[in-house]
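Peer 1: Here are the chains, one letter per residue:
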Amino acid sequence: MKIAVCIKRVPEMDVTFKIAPTGKAVDETGLKWDMSDFDGYAVEAALQLTEKAGTGEVHVISLGPDVVQETLRKALSMGVAKAVQLKCDTVPFDAYAIGTALAAELKDGGYDLIMFGKMSIDGANGVTQFVVAELLGLPLVHACSKLEIADGKGSARREIEGGGELVSFALPAIVSIDEGIARPRYPSLKGIMAAKRKPLEVRPAQLGEVRLTIETMELPPPRAAGRIIGEGAAAVPELVALLQNEAKVL
Amino acid sequence: MPDINPRASEHAEIREAVRAACAPFDSAYWQRIERESAYPDEFVRALTAAGWLAALIPEEFGGGGLSLTEASIILEEINRSGANSGACHAQMYIMGTLLRHGSPAQKARYLPAIASGACRLQSFAVTEPATGTDTTRTRTTAVRRGDRYVVNGQKVWISRVQHSDLMLLLARTTPLEQVTKRSHGLSVFLVDLPDAESRGLRVRPIENMVNHETNELFFDDFEVPVENLIGEEGLGFTYILDGMNAERILIAAECIGDGYWFTDRARRYAGERVVFDRPIGQNQGIQFPIAQAYAHVRAADLMRYEAARLFDDSQPCGAEANLAKLLAADASWQAANACLQTHGGFGFAVEYDIERKFRETRLYQVAPVSTNMILSYIGEHVLGMPRSF
Ligand SMILES: Cc1cc2nc3c(=O)[nH]c(=O)nc-3n(C[C@H](O)[C@H](O)[C@H](O)COP(=O)(O)OP(=O)(O)OC[C@H]3O[C@@H](n4cnc5c(N)ncnc54)[C@H](O)[C@@H]3O)c2cc1C
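Quick note, the sequences are listed as chains R and V, same order. Here my numbering is used: the first residue of the first sequence is 1, the next is one more, and so on. Here my numbering is used: the first residue of the second sequence is 251, the next is one more, and so on.
The following block holds chain R by itself, in its conformation from the complex (with noise of 0.2 Å):
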């Protein structure tokens, strides 16, 4: 079983950000990047159904700058035995664009299954997978939260409000996965060690055209100042008539 997953490098979420001064992105100064949670899962999930069938191969691929090599090699230290950076000066906006170069790679891959996590969870649109599944032509379960292989078909679960969803589908074929699959494994120093020897290969990236662009960013309203009404039992009604006639909640 052969196994694609495409990873992104995004900034680590528990920060304040600030905004560039071209007030079109992030300000990246002391922003520090791992893989996009969602991709882990998915890395790990594809790493344990390659060992679950005993046979197979993953790898993974990335668009972006030589920094996303950063991310590859920790693929490659978890266990992956093949990264490919499809480089760019920068990561588009734009799902379509990147979702045309990751398919142009795909596309001749030979892969059984390619994985995707559900979203980035800097851009959290969570299309890339859509895109590539419709340029590739081929059947995506969005959201697994379990994910089997056998007898060259697969099945898988997805979450949704109040229940589950159990699906199958023939392969090859997309999947992108929730969390709760499984717990992304840390590197161990073998694995780093290893992951020196294993090939990491560099191509262009195959952008398609750039249609969506960010026109500008803005920080939510700073919240206003709370109000002290007043001190025990004796504040509460006045309490219960702010909410009830300002603050309209109750």
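Keep in mind that the hints were calculated from the coordinates and are not lab data. Possibly wrong hints are sitting among the right ones.
List time: in silico DSSO-like cross-link candidates among lysine-lysine, alpha-carbon distance up to 27 Å [to be verified]:
1. K153/R x K82/R
2. K357/V x K196/R
3. K82/R x K190/R
4. K196/R x K52/R
5. K52/R x K82/R
6. K190/R x K357/V
Covered stretches of chain V (chain R as the covering partner; in silico rule of three or more C-beta atoms under 8 Å from a C-beta of chain R) [said to hold, decoys possible]:
7. 292 to 306
8. 508 to 516
It should be emphasised that the depicted structure is a prediction, and the values quoted were computed from it without experimental measurement. Think of the CB as a built atom: it goes at the ideal place given N, C-alpha and C, for glycine as much as any other residue.
Got chain R sorted already, so can you dock chain V with the ligand onto it with the hints?
Peer 2: Coordinates of chain V with the ligand only, in the frame set by chain R:
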């Protein structure tokens, strides 16, 4: 807020992976281990399984083949995470004696097993109750009889014996009166531990200030096969000495990890705790000791990198390794003090982990080598002053 260690982004791959390996072992885990006076088995197993403790074993023997700089970063990150390397660091460096001076057969037999963790070599018996720091007066004897050495004597403060499969032992093979130099006539042996207690080794645990498994050992006609002698008979002391630089640099890195942990915790708390209507960190009486400790941690860290760089370039580094250990142990202790003081009464509460780390980092002033011994090394060997003992 960015990491207070500006070099935290260097060797990012190793740092992040070690942090991730330590992350499951949180404050609650260490508090439980401490409460139960237990050995952190799961923690050590996780680090072993990921290969971190085999960092310095060459790849041909199944290890990581990392540089000392990289290995030191592993221990730094362990301590920086709030854990204590004391439970596991010895598995990383005690094998150095075997690697440098063991026979090809010994290396082939033991190193791959040590690398995989199947064999735990994390005990080194040097210190004795009567002789203390004066190692050349080691009284434990190993007398050759046929294809065996017969060991008699006593050791003290020998750590992790109950969690080791092999132990290195320093013993006198030629009596002190018969050698030309005091440092001659000592030898290093590999001791198989699993059934040792039925063969004349008594192990008595020592209750102590930190949760650290350490013991008194009594050897009573304890036999060691001749093939377990490392290197040449009589040269054991030099074998120990040439492992010292690596050990000091690694210990310095642990202190650096502690130093950053304490200053980080201190500055955060100083910013959050409000007394007299202001964060306590607004008072210079709180702020300055933290800033001062931080300055010392940073300076010690530079010396540690310098020592490790020289070591990795195979250049003499005795002075730098000793300076790094001295400066780093002092800095972590100063940071510990500032951190405890900043936390006031809460610093004494077990749930903050500070009192535990405070006790743990205090040990570096004494073991594996006490501060005075380092100062005397610097005085004599670096500054050329008269030998004092
Ligand atoms: C928790 C713990 C774990 C340990 N683990 C191990 C282990 O695994 N293996 C092992 O072999 N040892 C171990 N040790 C022992 C440790 O290395 C020794 O305690 C240390 O080397 C000091 O020896 P001592 O305790 O006999 O002190 P002493 O030699 O009695 O010295 C007492 C004090 O006097 C100072 N001093 C002595 N002579 C001089 C001098 N000439 N000039 C100035 N100052 C001097 C010393 O620096 C020290 O501060 C451990 C100790 C502890 C506490």
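Peer 1: The structure should be examined with respect to each hint, and the outcome stated for every one.
Peer 2: Going down the list of hints, with the structure as the test:
1. K153/R x K82/R: 24 Å, holds
2. K357/V x K196/R: This hinted pair holds, its Cα atoms lying about 26 Å apart.
3. K82/R x K190/R: Distance ~16 Å between K82/R and K190/R Cα, so the pair holds.
4. K196/R x K52/R: Holds. K196/R to K52/R sits at ~25 Å (cutoff 27 Å).
5. K52/R x K82/R: 19 Å, holds
6. K190/R x K357/V: Holds, because 20 Å separates the two Cα atoms, which is no more than 27 Å.
7. 292 to 306: holds (count 6)
8. 508 to 516: Per the Cβ count (0), the hint is violated.
Hint check: a violation occurs at hint 8 only; the rest are consistent with the structure.
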